[in-house]
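Peer 1: Working from the sequences, and respecting the hints, build out all of it.
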Amino acid sequence: MIRKVIICTAAFAIGVWAQTRPRDPFIFRTALRSAGTGGNALVCQASAECRNRLIAVLLNPQMTALYSTESGSLYLTRNALPQDGNLTYNHLQFGNRLAWQTGSSAGVTMHRNDAAQSWELRQGGSTVASTIVYKGFNLAGNVATLKHNLVAGATTVSILETPEYAAVGGKPGLRRTIAVSGLESGQSVRVRLSGSVSPETWTAESGGTLEGSNPIYLNISSNGTAIVTGSWQP
Amino acid sequence: MNNRTMLIAATLGCLAGAAFSQTGMHSGYTYSNVTFSPANIFYGNSPGPLVGGMDVFPDGRIAVAEWGLPASVYIIDGLQNGGSAAQVKLFAKGLDNVMGLKIVDSVIYVLEKEGLTQLLDTDGDGVADQYNCINQTFPSNVSMLNLSFDLGFLNNSFLVPLSSDVATGGYDFGSSQQAGTTAFPGRSQMYKVDATGASTPFAGGFRNPNGVTVNGEDIFATDNEGSWMPSSKLIHVRQGKFYGHRTNPPQQFQESNNNAETPPVVWSNFNDATDATGRSWGNPIMLQKGRYRGHFLIPDLVNGEPNKVVRVFVERVGGELQGVLFPFVKSYNNAGVHRIKEGDDGELYLGLLGTNCCWGQRANMIKGFHVLRPNNNVPFEIMAIRSLGQSGFQLEFSKPVGAAGNQAARYTATSWRQVASEAYGGGNRSGFSTLTVSSATVSADGLKVTLQISGLPSAEQLQSQPGRVVKISVNGLSAQDGNALWTQFGAYTLNRYGPGTDYTAVENTTRAVSRDVEAGWKLVAGNGHHFLQFSWDQTTPKNVAVYDMKGEIRFQVNEAKGPRVRLETGKLSRGMYMVRVQEGRKTAARPFMVQ
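Chains A and B are the protein sequences, given in the same order. Position 130 of the first sequence, counted from 1, bears residue number 130 in the numbering used here, the numbering being contiguous throughout. Take any residue in the second sequence, note its place counting from 1, add 1000, and you have its number in the numbering used here.
Check the hints yourself; a few may be wrong.
[What the hints assert, rightly or not] Okay, derived cross-link-like pairs now, SDA-like style, lysine to any residue, Cα gap no bigger than 25 Å in a straight line:
1. A:Lys147 to B:His1529
2. A:Lys147 to B:Asn1135
3. B:Lys1241 to B:Gln1461
No lab work stands behind these hints: they were computed from the structure.
Peer 2: In structure tokens:
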């Protein structure tokens, strides 16, 4: 897997989408069944391709982001919209959820992060045991902000993430604006950014620093807002 | 409900918007034509919603959640006080298969397939801007009927009932019909979720527990026929009990009870020809108003079933609850009724989710919302049947019976037990027998008839095999005023022998208080605070105090004037509190929850 890590600020033009959404509603709970394979299995008990407890955010015709409410991760990105037509989102039967049409219009999966928990609380540079708890999302017009708490003993760190489509040098990208509060002295958080599937580039714009190459992490060392943008070559 | 049922439903079903028929309507209620504005606001531009969950605000507005994905929540206003022109506002959207909706402290909570969500309107524009996850730790996977059903609330905890791990065809994963699979662990249970979001298994052995309600401290749930569920039933849910639906591997309450099933309050008489009830029950409600106060109503969501809403009268016998079901609203409009709620004037709100086929195909399901308002007509019906022990039963009628009331030949009685097996659905009647009605004695006022019946089991037999259904049918009996009998049978579930005492409705005090309060002020939850919005004379000073559940004042605002007061509830720990407003000699209070 070829992976490019660029640690810089605004190395190239980033065009943030004007917050119009391709569908209404553009954010909702969902699950994946046979993701990426086009399968339609009714039994998902043993399939690694099945994933429940996801939040789909349809940011742009070139960007669907799925967040896992269990791991707190950006679980999947895809440069297309799920099958739709009439707001059924291919909800054909029972628990059947998101699916993409076959063929070029369906786009491809660009990122998938299967980490059990993407967020870590760190104390003095060392990771301490913590649990990520999904708290829902806020809506302000067409802007959605996902809410998580990172809990470790008596410490609760609030993490608010606003995803937005960003065209990066002609490639589909995702800008993640992450507001952290509740960090105490000596504490920091980091989140695993990178996934698998396609080459991806992450750029820290402000408020945090990138670390590592495989995987790539975003470190946030104090309360405040960090902005990071990822892009993919589908 | 199985595929066969769905096929029958499809055959008998009607399209959304089909003409309404009064056939089968209970004559004590009048169907109210409701118009929605804006028209066709609901899913698929339908004239009515596809009702997954429903509840009533203290001020009489109705919140309706549509089923499916993505689903919306609408708030319906204008049907209070006999109104028929409803204003509808889209409150929330993008929700996932909502089957349960509960209003607590005037805040809407929805049970999505994979989580319990609080919907907050923090800026007061009438649209939810926060979708707060209260809990999403209960077991869930992506398989077919892994549904989360109705949502209850008692003592600061939500009640979350989960289906078993049902696969296509209606059998569970792990059953002999799904060779090589195992059931997803932790399903088939009811969970309690407290204000902090902590979840605890409460009881188990459910298949499709599609309805929850509470009466006082008692929790009730409906469950639906299918594998290990020979007929639908109304259950008095108690902590740690097992209610019959087996899983492979067994879930915790099946194991801890060693497969011993706690009998229900009432079995439906599924597969009972034209008398059949309980093919796929929705939520029970305990009526608070009118002549049926203290009785349950339960709807059936399958189109074309002969009884769309049944009524259940309950006795407490030896400390346990058992009762009898009667037809109530019969097969009007061929519409399946999924949710039922009672308004403050005793009106019934019926939310439709009738099936033509298959839960997932929203476009093919029957949508609609009906209102039935009580009228002054008193139909001739059996109001109650009470156990008199092994000797028989006493029937209580709504009107004095006619001259034939003392003819034993007018009454027939049959009996059976519902025995659970893996085989799908009903028909598992064990020990079916016809009993002998040897005499019928009419009371002096003509309202009660005592039946001597032979062939009932001994007390010892009943103790070892509870859950015996005794169906008493009444044939060709009219009231003294000539009215024909509407309720022609009652199916009594004998767990113990009476006599017992009538089970009664416990007043919903929270709602009663809130309704008074709503006339003067409204509590609106915000992010880290609440607002009290006054509609009384805003120039009159008011004293506002917030108490914890120990009665300690946590903070107060005196001499408050103006349209609203900000309460810094974000400083409070999670839990239930009481806010009290005093204006001169007028005081009103209501509970609320801090998340």
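Peer 1: So, for every hint listed, does it hold in this structure?
Peer 2: We went through each hint and held it up to the structure:
{"no.": "1", "hint": "A:Lys147 to B:His1529", "in the structure": "holds, 18 Å"}
{"no.": "2", "hint": "A:Lys147 to B:Asn1135", "in the structure": "holds, 13 Å"}
{"no.": "3", "hint": "B:Lys1241 to B:Gln1461", "in the structure": "holds, 22 Å"}
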